[in-house]
Amino acid sequence: MIGLQHYLILAALLFAVGLYGALTRRNAIGILLSIEIMLNAVNINLVAFSRYQPGAGLGGQVFVVFVITVAACEAAVGLALILCIFRTRRTVEADEVNLLKW
Amino acid sequence: MHFAQHAYLAPAFPLLACGLILALGRRGPGQGAYLAVGGMTLSLLVSLGVLREVLARKGGDFSVFWFRAGDMQLGAGVLADPFSAVMLLVVSFVGLMIFIYSIGYMHGDPLYARYFAYLSLFAAAMMGLVVADSLIVLYMCWELVGLCSYLLIGFWFQRPAAARAAKKAFLVTRLGDAGFLLGILLLFFALGTVHMPSLFAKADAGVASEWVLVAAALLIFCGAAGKSAQFPLHVWLPDAMEGPTPVSALIHAATMVAAGVYLVARTFPLFAAVPDGPALSVVAWIGVLTALIAASIATVTNDIKRVLAYSTISQLGYMMLGLGVGSAVAAIFHLTTHAFFKALLFMTAGSIIHATGKQDMWELGGLRAKMPITFVTFLCGAAALAGLPPLSGFSSKDEILLETLHVSPLLYGLALAGVFLTAFYVTRMAVVTFLGEGKTEAHESPMVMTGPMIVLAVGAVSLGWLGTPWAPLFQNFLAGHGAEHGSAQAPNLGLMAASVGVALAGIALGYSMYAKGVPSPAALKRSLCPLYVVLSNKYWIDEAYQWAIIRPGLRLASLFRTFDEEAVDGAVNGAGKAAVGGSWLSNAFDHIVVDGLVNLVGWTTRQAGAVGRFIQTGLAQDYMFWLAAGAFILILIGWFGP
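Taken in sequence, the protein lines are chains A and B. Following this note's numbering, the residues of the first sequence are numbered contiguously, the last one being 932. Following this note's numbering, the residues of the second sequence are numbered contiguously, the last one being 668.
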């Protein structure tokens, strides 16, 4: 029926989508969203292994709780950074924030 | 006091005097003159002591060990026998007279002290030569007298003629000395010793082959010919007259030039070891040729000292003739008498030069009245030179003529011709210088000069009585008391008459030509013009040497100099330039290669940076991309890699 591999494939696809988005979206908030997608893909992976891997126990699910927490913190910090950049540069386009360019 | 054993004291005293004079200089007693005279007086006393002991047959050879080199051992010592006793006496006595004479002659000369130092050194060396019993010691003293001759001929060295003459004398005698040294070495290698008595014993015993003895004898004769101014090495003696006249008297008349004769007499056993060998004939013929050549040149010479120089060469030729015909005794006898009358003649010439400042006989004249003592002593010397009996020159010259006749009538005839020429030129000099009208101011010389002249005149007149054919005391003494010797022959009155007659003929011609003008010298000069030209140009011998030896030698020297300046200096400068070029190369290498490499590293780094910085786009997403890509690669490596 629906086995482990379906979830893994799903998680891989999600990760790929998230990676692609993180690398190509211009809007900084879009990038943050993509990073969230990547993190969620990882969560799916962890839960799937917890559910379908014999003898895995609840470790996966516990780990997921940690990941969700960290993702939340990281999103907060990221948004704060974007807000600061917007206040000084009046833009959220990732292309335009290249002061460290050579 | 054993004088014979300590005969080395004779040369030692003048040597000491020389040292003291050089040390004290003008502050010494009599500005050094008294030291010199004192030294010579002591030598004279030693010589008299040696003579007394040799007469009492207490002489001999006293040799001490000198040094050892490997298995060769050299000794040095004194040989006190009749020859050396006579020579010591001659050198010290005539030398003393000349030293005293020099006090007057050199008075006022700025280098007065040095003159006496040189003279003393010469006397020391000459006496050392005479008493040496080893050929090496003799050679050392030989060279030393040559050195003193050089120093004294060139005494007034600011005069270029004197400096040239000194150089010429030294070089010409050096040529002879080279032969002499070769002879000594040959003898040493053939017979293993240089100690003369041992050498002669071995030679007589036939240890060495004949040709060795002949070669050694001829080589030694080379040295004698140089020192005694025999043809062809006679060219230095006339020029040596540039030196002060007492020097000419002592060195170039009485003693140093006689050293050659003495050497041959000393080494006579070598010459006589090969019977009918060529050595003695060479000596005799060169002697008689020299006698004639020099006497002929003297007949047309105008400088009074040069006349006497050629006369000396001529008389030395007679001595060599005496040796060559086998009688060393006759030669030494003539050497002794010649020392007296020739030194005397030079002293009179010096007296004239000192008084008038002139040397050309044609500028002088009538000095008989103004310088009577000089005139009378001159006559004594001149008569002895011409060979008039009963003066000394007659006895000794006749001795030589007697020996010559017994060996070769041809040689005797040539020698007799020389007697004629001798009488002629000395009469010419006497007449032109002393007779006639006075052409110049003159006064007699002081006593310090005329005194020695008178003493020598007495000797010149009376020494002959020691060796007459009826009572050959001198000859017997020299030959070693009764040893076989030619004078044991009966006196040959015909011979004596012949030589006296020839001498008188020469005097008569000279007097008649120059005092009376019959035949007129000018007319004779015109009619015998070619002969006159040859003689007055001294047979062009000097010019021949100049052309054949000196100019090629100088050209060779300049060739060497060019080589040195161009090739050698060029090589050295080239090495310098090469070093500079090498350093330039090194510099370029350092600049281009080494600095280039270092700069290359920097440049590469910068270029890498210039390329690498484009990664820093400043865009977060690019960084994220590289992050993802790197993670991906690591996963791949972890999955598929090692």
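No lab work stands behind these hints: they were computed from the structure. For clarity, every value in this text was computed on a predicted model and none was experimentally measured. Cβ coordinates follow ideal geometry from the N, Cα and C atoms, glycine included. Just so you know, not all the hints are guaranteed correct.
What the hints assert, rightly or not - Label-pair distances were calculated between CB atoms; the ranges are:
no., chain 1, residue 1, chain 2, residue 2, range
1, B, T630, A, I898, 47 to 55 Å
2, A, I859, B, L662, 26 to 34 Å
3, B, I661, A, C903, 20 to 28 Å
4, B, V620, A, L853, 27 to 35 Å
5, B, A634, A, I898, 38 to 46 Å
6, B, L645, A, A906, 21 to 29 Å
7, A, C903, B, T643, 26 to 34 Å
8, A, L863, B, W629, 28 to 36 Å
9, A, I839, B, L662, 45 to 53 Å
10, B, Q633, A, I839, 27 to 35 Å
11, B, T643, A, L843, 52 to 60 Å
12, B, F615, A, T918, 55 to 63 Å
13, B, I661, A, A906, 25 to 33 Å
key: Enumerated hints in conflict with the structure, sorted upward   = Hints 4, 8, 9, 10 and 11 are the ones this structure does not satisfy, whereas the remaining hints hold.
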